[in-house]
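Engineer: Read off the chains here:
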Amino acid sequence: MSLFSDPRWGEALSHLPDYLSNHVRVSLAALALGLIISLPLAILTRNRPAPRSVLLALASIVQTVPGLALLALFYPLLLAAASVTLKWFGVSFSAFGFLPAMLALALYSMLPVLRNGITGLNGVDPALIEAAEGVGMTPRQSLVMVELPLALPVMMAGIRTAAVWVIGTATLSTPIGQTSLGNYIFAGLQTQNWVFVLFGCFASALLALAVDQLLGLIESGLRHRSRLRAGFGVVGIAALVAATLVPTMGRSSSGYVVGAKTFAEQYVLSALLRDRLQSAGLSASARSGLGSSVIFEALKAGDIDLYVDYSGTLWANQLHRTDIKPRAELLTGLKTALAKDNITLLGELGFENAYALVMPKQRAEALGIRTIADLAAHAPALSIAGDYEFFSRPEWATLQKAYGLQFRAQRQMQPDFMYAAVASGEVDVIAGYTSDGLIAKYDLVVLDDPRHAIPPYDAILLLAPKRAGDERLQVALKPLLGKIDIATMREANLRAAGNDANSSPDLVAKWLWEKVQQ
Amino acid sequence: MPSRPMIGYAHVTKSFGLLKAVDDVSLDIAEGEFLAIVGGSGSGKTTLLRLANRLIEADGGTITVEGEDVQKIDPVALRRRIGYVFQSGGLFPHLSVADNIGITPKLLGQPAADIAIRVDELLDLVQLDRASHRDRLPEALSGGQRQRVGVARALAAKPRIVLMDEPFGALDPLTRDALGDDFRELHRKLGLTTVMITHDMTEAILLADRIAVMRSGKLLAQGTPAELSKSSDAYVLELLRTPRRQVERLNALLPQSGAA
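If you read the protein sequences in the order shown, they are chains A and B. Take the first sequence: its position 331, counted from the start at 1, is 331 in the numbering used here, and no numbers get skipped. Take the second sequence: its position 224, counted from the start at 1, is 224 in the numbering used here, and no numbers get skipped.
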């Protein structure tokens, strides 16, 4: 099958109106907000060196914060702000999706606009500013009639840079709940769907180029005093905005929203949940690629209606517990604690996706390692890799303490690449996930944890407070509870990790449903 | 008491930090007069000129324009009623010749149609072809043409006073000569009061009715060329020596010129 006849292109294309329109909306709103703030600041500080350098320094600092982190930071910030406004004014707003993404991106757009704005205005020949004064212009007239037009090319260059940055960085707003072209990229990376990754990259690059060219057209129109050219540019931007608003206006925003974190299993499960709701006659859609810290808050705030989380994760991250309880006890404790927030723990799906220390089967046998206790003796000569959060999680500390683990080196890796890395001997041990299909694929072995240092991680179905008494929803989901065992989930995950047309989360979810019914 | 001066400086001072740019200068410019202010760089001549339309504010003393204390006039309104010709033009590079010339009438809120007529009159006045210059950008003009546009712009709002800051300094000698003569003619025809800054005594003698000599912020002497030549001030005499020498050398080199 050639690259271009791959049916995943068609699937990618079917998401385009939704992803693109959301992407354009958040980028242009952010850019507009950035301009509304930055341009007046550039004008006000052009002749004031002290505030000017403070401003530029602040904007530069913002720029050094990685885009992903900046976006992620805005979510808790707005959550706090929302709870404050609720307490003081009785109004709350959604800290999820559009608002944090737009604010973070607007902040991100400020540096090039400020810097070029100030450089452009300061670059105007002082003799001309004097001439403007001499012919009888007020300071405002001098600014509008002389300084701004002369600074325009440099200022526009800054605005165009900002536009390209914002459109590119907007792909990172997916984890905080803003649908964007990044949905292709996050989903594609997690499910090894390179068609999606490429599609997302090309689409955002094309969008950035198009907006850049339209802004260029406006600039050259203004510079050459050609109404026609500037008009074309403005019409182009307006058309882009209009075109992206149309498809979503017809769509109802009501219905159930199923959340999914940023890894393949979650994509498959959210597709499965969505399908179940739809076949029960409920309108439902999936909101995928949400950050692990964002998704729980989003459920609590009602921005999503349901999702699958893991007991141990909530135990540590939401309840901030460092002790480790037996499985049943932990679930009961969790259920009670969640009920205080009106969150319903509907039940377990039947499998566990726990952290586990994993190594190649042959290597383990050769070294005589079956359990983590066996591993501890060899650890000082071995290296370990984990995902981005593992080494800062409490269970790692507990694990180290329980077994006296001390490795030669530890590395952080993209989860998808860990298994290949350990299979090829790049690292000796990985902190993998028990439900991962790649464990079987690469012939790896999960080391036993005789001292129960790793907490249980049962997959559990959570419902938002507003869905607490929703009978239809619960009836539709009940058939899934306890029906997905670890072997089934591993196989589903392995299918989802495949790089072919059958590996889309939707198709794997259908396969999984068939298995559940058997 | 003689008729009131068009521009009057009385004990005017202006310092920039420790530097006294204008130091107790008193000077009257009569209606219809063409005064040249001559001095080296840093003599304070540009500062003195700019004090008249409040591009620079005086520290002390009184400046009057048409009898009114400039401190009592809104500076923007003051500048709109005084023409100002900048060194090397000061034309706005993003505006056409017509828009440059019509800028002050536009600021005064005159109708576009009136401004267009006025621009054409002014192009005729400074001897530029209407059709071929009106829509050009300043970058497409020669130095002399730019300065003609600069003069037209200064005259656009029909001022009675024109201030000129070394208007012909950057031009080649032939253009400079022609432009100087043409302006002198405009000055006479329009009944202007003109104050021109120059560092070139020859130009001052050839164009102006009266010359004021500045040095280190002080007004050393003022008067007609003939009066200045009787001055006892060494610097003034030194300034006058250059044109004299030029005349002698020219006469020696061009003996037939007397017959022309």
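Do not rely on the hints blindly, as some may be mistaken.
Stated by the list, open to error - Residues from chain B shown here face chain A by an in silico Cβ test under 8 Å; the list is partial:
| hint | residue |
| --- | --- |
| 1 | LEU55 |
| 2 | TYR84 |
| 3 | PHE86 |
| 4 | HIS94 |
| 5 | ILE103 |
| 6 | ARG153 |
| 7 | THR175 |
| 8 | ARG176 |
| 9 | ALA178 |
What the hints contain is simulated information worked out from the structure, not anything from laboratory work. Computed from a predicted model, the values in this text were never measured in an experiment. Even for Gly, the Cβ is constructed at its ideal location relative to N, Cα and C.
Engineer: May I ask you to test the interface hint for ILE103(B) with respect to chain A, counting a Cβ-Cβ separation under 8 Å as satisfied?
Structural biologist: 5 Å, holds
Engineer: Would the hint on THR175(B) be counted as holding, given a Cβ-Cβ threshold of 8 Å to chain A?
Structural biologist: 20 Å, violated
Engineer: Given ARG176(B) was flagged as interface, is its beta-carbon under 8 Å from a beta-carbon of chain A?
Structural biologist: 20 Å, violated
Engineer: Tell me if the interface restraint on ALA178(B) is satisfied: Cβ within less than 8 Å of some Cβ in chain A.
Structural biologist: Since chain A brings no Cβ nearer than about 24 Å to ALA178(B), farther than 8 Å, the hint is violated.
Engineer: Holds or violated: the hint that PHE86(B) contacts chain A, with Cβ atoms closer than 8 Å.
Structural biologist: 5 Å, holds
Engineer: For the restraint on TYR84(B), tell me whether the closest CB of chain A is nearer than 8 Å.
Structural biologist: 4 Å, holds
Engineer: Against chain A, run the beta carbon of ARG153(B) and see if the smallest gap drops under 8 Å.
Structural biologist: 7 Å, holds
Engineer: For the hint on LEU55(B), just tell me whether its beta-carbon gets within less than 8 Å of chain A.
Structural biologist: Hint holds; LEU55(B) Cβ to chain A Cβ min 6 Å, cut 8 Å.
Engineer: Does the interface hint hold: is HIS94(B) within less than 8 Å of chain A, judged Cβ to Cβ?
Structural biologist: Result: holds, 5 Å to nearest chain A Cβ.
In summary, the numbered hints that this structure violates are 7, 8 and 9.
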